[in-house]
Structures are given as structure tokens and as C-alpha cells.
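Given chain A, put chain B in place with the hints provided.
Given next are the chains, with one letter for each unit.
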Amino acid sequence: MKVLGLDTSSYANAIGVVDDGRVLADFTYEARTDSLQKIVTNIDAVLSETGLALDDIDGFGIGLGPGSWTGIRVGVTVGKMLAYSTGKPACGVTSLEALAYDAREVAETVCTVISAGARDAVYAALFQTGEGGLSRVGDYYVGDVAGLARLGGRGAVYVSAWPPLGEKLAEALGAGPDYKIINGVPRGGTIALLSAARLALGQPDDALALAPLYLKESTARAMQAGIIK
Amino acid sequence: MSNYKIQSSKFDIWTLDFDIRKMLILGIETSCDETAAALVAGGREILSSVVATQLDLHSRYGGVVPEIAARRHAELIGYVIDQAIVSAGRTLGDVEAVAVTARQGLVGCLLVGAAAAKTLSYARRIPLVGIHHIEGHVFANLLSNPTLPVPHVCLTVSGGHTMLLLVEAPCRYRVLGVTLDDAAGEAFDKVAKFLGLGFPGGPAIEKAAREGNGRAFRFPRPLLRAGNLDFSFSGLKTAVINAVRPLMTGGKPLPVADIAASFQEAAVEVLVSKTLRVALETGVKAVSVTGGVSANRRLRQAFTQACQNKGLEAFFPDLSLCTDNGAMVAAAGYARLNRGEVAGLDLDVVPSALMEL
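So the sequence lines, in the order shown, correspond to chains A and B.
Count the first sequence with our numbering and you get residues 1 to 229, in order.
Count the second sequence with our numbering and you get residues 1001 to 1357, in order.
Incorrect hints may have been included.
Stated by the list, open to error - In silico DSBU-like pairs for lysine-lysine, Cα to Cα no more than 35 angstroms straight-line: (1) B:LYS1022 to A:LYS88; (2) B:LYS1193 to A:LYS216; (3) A:LYS38 to B:LYS1022; (4) B:LYS1207 to B:LYS1310; (5) A:LYS2 to A:LYS88.
Unchecked claim - Cβ-to-Cβ under 7 angstroms is the rule here; a few derived chain A residues that face chain B: (6) THR33; (7) LEU36; (8) THR70; (9) LYS80; (10) LEU82; (11) LEU208; (12) ALA211; (13) LEU213; (14) ALA220; (15) MET223.
Since the hints were made in silico from the structure, they are not lab data.
Just so we're clear, the structure is a prediction, and the values are computed from it rather than from any experiment.
Just so you know, even glycine gets a beta-carbon here, dropped at the ideal spot from N, CA and C.
This is chain A alone, in the form it adopts within the complex (with noise of 0.2 angstroms):
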């Protein structure tokens, strides 16, 4: 089964083509603020390269955030539509977990951590790698890095999809030798390969009803509800 996924979460974009477990293509490249104008045609890229057509694709594996609002968006948009387009199903990936599979060698448990845009807010969540494969435990994080060092506790491997918050965690942390820090961006490869699994397991998500993962409500809804003022 071949599986193109993508994902524009983070300040890196991705798209990757697998075919039954094995990476045809991986592509990953900085787009700020020009999301929109490089998705499809590096698809188009993406796919030239691997020898195959759109149409030879099974299924899309989409990144749904969290990350940049803006971004997920445009991934997600362009992801549905690709699937409707061609009557094929897609899967939604969440960020955290690529990032997580990506670093399942390394630690039993990791916690990944994407950068929320403002200051030194993040998303994370944490990740255990056992015989059923990768599986999140416990909820969502939405906060700022200090708090991080809560979540992962000590002896953690912490996964972060920012150079520059790496750093942040780094002194957030502060000095030792019982964490360590891997900077991973999530790949579109690794979103291809997690969708596969679930495309081969018959688990499609309703490609039209997908929507980001925001984790936040937007600034004025909630100032409106009263958690912010």
C-alpha cells in the first residue's frame, strides 16, 4: 500500500511517500510563511521523484497539529482535499506523535514538544513504546517549557521540533545528566507510515471531517468564556 503524508505544523514543512513499510521519499524543507505557496507543487515534487502519479497513491496520512494555527490549515485543507479528490481514505496524525515514533529507539518513554508560537508556550505530550506499539499516556500539555520538566520527569528524553526550544527546555531543565534533548521535526515519511497502519487495520478517519489540533482555544473565545482575561 503506498501512503503519501504530510504535515505543516511546525516551522519545517513535510511530505513523504512509503509503499508497504518502506520510505520512497522523505522531504522535509523551511516554510515560514510560504506554506501555501510550496504544498502542492513539492507534493508534485515528492511524487515526480518516487516514479509515481497521484493516482497510484492508496491513501494520505495528514498532520494535524498541534503547532503553527495557520499552518495545520493549510496541511489539513490540502490533505482532505487530496483524498476527495481522489477518493482515497486519509488518516489524521498528530505532530507529537511523529515526533514521538521517530524517537522510539531511543527511550521507552519520550516526551515531544512543539513550540505554541508565542514565548515559551508548547504543546507536548508524552509517549511509551511497549509491545502494542506507541501509545500517548496521559493528557495533552498546553503551558509553558518550565512546566515541561514536570511532565517528563527525570531521566526523560525530551523530543523537540525547534532547535531554538531545545535551548529553552535545556535551561528550563537546568544542568545534569539524567534528561536528554533530541531536536526531530515531524516528517511526513513517519505520518505516511503511522497512516498506513491504520489504513491496513481498515481505521480510516472521515477524510472531509478532519480538523486541526488546535489544544487552544482561539484569543477572543477564550477571553470570551472567561480562562483568559
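Showing chain B alone in chain A's frame:
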């Protein structure tokens, strides 16, 4: 038969053969708070027009919240496009081109429509065309009034825009005047919010004004006698608020109907007077009014009357085409494609874009 050579930015050249006169175009519009899509045949015949309004989401804020609007677009876009195709009794395979509002609007909102449109264009191998939102409104009037002559003067008035255009020739525009601050519809919204009439303010003011006396208050007519053709509505809004505030302390009920009617009269007079002035100066035979505020009955009545007095014809879109919709985008897309204009898949959105390009 027209033969189109479509070259995208970096790969294939697609050659399509079809009868442009019947071309089935999907129009997508997400520039503000309506998620809209429509199928239009031959640039004229509306086969479907689906508009998912977000009014309920924004009403409590008294205006459109960009992030909330963009989120809703991302949730709804696929369903709205599918509904436009299905309700026209067609399939995706029948769609021959896709037009999308790519210029002028809220950036986060525009990019949802543009991402959907370019993906459809790529996956279905059909031409893509990016439209300026105001050009869409110009075409809304053409859809409703096939006899609308060119040249004509077109006033677009909505919650986001106030623009006076000379439509010199098909797809050729000269901007004559714009608002220097708030859009006309924005002033309606803000005055309605101040008076506690709810959102959107246009219909609320119009309804309240029906029972009121438009001469009860003498509000300013900003820039009415200025030599230029620009507008200013922020000052009018402030004048209303300043005049009303002292009345709020007496404990007596506020003459809401009179205030609404007087405000509406001031706004309408400025819009009609400046549009008519330039129509007479340029010697056109017709005036068209488009955008959400063009649904206002008092505005229509005043325009119709003033045009009649001066021997001009006044044109308004059907009420369903006044506010944002996909049909007007498809119609504009048809005209652009007819001229051989096609966008590449690297199409970008431009939140504030010149109209004359």
C-alpha cells in the same frame, strides 16, 4: 471550441479542449465569515450556490473574529464544496475549472479556500484561477443582471469593503474611491452594537430604522463635499455615539429607531451622492451597487430614485448574491479563464491587494 494550454509553475503542461461557453466552474469563497462554494455553467447559469454562514459564531463578539472564522472554514470547506457539486446534480469529474478568492480578505481565511482550490486543480487536472474579492462582487451583479452595460460605475459596500470602481471594460477596473477608515458595513455593525441591536448591523439598523425619523438627528456626511471620491465612516460612527451618549443618562428610553434611521440616512446620502457624481462625470449610463450593504432597502430605494432623476439605470444583485458567495467567484473566474488567465499551483493569497492588476 477553445484550446487552453495550461502551464503550472514547475511541471506538466496540460492541454484541455472544451467548449468555454458551457464550462462548468467551481467557485470557492472564504475571504471572511462565509464558507461558500458554487457551480456555475458558462459564467452565467448558477447550478448551485452553497453558503455556510458563521453569523452565529461571531454575533456575540459584535464582529468577525479572524481566528474563529478561519477555524470554521477549515472544518467546513470539504462539506461545502461537496454539497455544491451534489446539489447541482453533478459529480466532481464534471467540474472543468476552479476559481477561488485569493486576494483581499482575512489572510487565515483566504488560505483555506486557496489550499482547497489548488489541491482540486492539481488532483483533478483542471485549471485554477485566483480572483480579487471585489471583482467577485462586480460579477454578482452581472449574474443577476445580464443586461448590465459596460462601462458602468460600481459601488461595493460590505462589512469589509467600501470601493467605488469604474468598470471600463470586462475585467478592467479603475479605482475611483475607497474608504479611508471603516467600511460602510462596519459602521452599521458598530452603531448597531452600540445601540444593542445585535450583529450583523446592516439588517438590524434597517429594521430599527423603519419605525424611525431619518431627520430626527442631523449626523455629519463625511467627505460629502470633498473634491475626492473617497469615503470615511469612522467619524460618522463616532458622531452617532457622541450624540447618543448624553441621552443615555436621563433614564428615558433611547429613541433607537430615530437614531438608526438618521444614521442610515447619513450613510446612504454619502454613498449615493458620491457614486452619482462620478457616474455623471464619467458619462456612464449605469450604476451598480454590490456587497452585503447593497441588500439594504433604503439604499436601493435612494439609488433607484437618484438614478431615475439623472437618467441613469441602477442595478442591484439578487439578495442571495449580495453577501459573499461562490457563484460570483465562479462567474469572475469564467471571465478570467476566457481571457486565458490561469494561476499556477504556487498561487498565494494577498490580504490587501490592488484591484487594477
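Hints, one by one, checked against the model:
1. B:LYS1022 to A:LYS88: Holds, at about 29 angstroms.
2. B:LYS1193 to A:LYS216: Distance ~28 angstroms between B:LYS1193 and A:LYS216 Cα, so the pair holds.
3. A:LYS38 to B:LYS1022: Given pair A:LYS38, B:LYS1022 holds - Cα atoms ~32 angstroms apart, limit 35 angstroms.
4. B:LYS1207 to B:LYS1310: This hinted pair holds, its Cα atoms lying about 29 angstroms apart.
5. A:LYS2 to A:LYS88: Given that 35 angstroms is the threshold and the Cα spacing comes to 11 angstroms, the pair holds.
6. THR33: violated, 10 angstroms
7. LEU36: Holds. Min distance 5 angstroms.
8. THR70: holds, 5 angstroms
9. LYS80: Result: holds, 5 angstroms to nearest chain B Cβ.
10. LEU82: For A:LEU82, the interface hint holds, since the closest Cβ of chain B sits about 6 angstroms away, which is under 7 angstroms.
11. LEU208: holds, 4 angstroms
12. ALA211: Check passed: Cβ of A:ALA211 comes within 5 angstroms of chain B, closer than 7 angstroms.
13. LEU213: violated, 11 angstroms
14. ALA220: With a closest approach of 4 angstroms, the A:ALA220 hint holds.
15. MET223: This hint is violated: A:MET223 lies away from chain B, its Cβ roughly 9 angstroms from the closest one there, beyond 7 angstroms.
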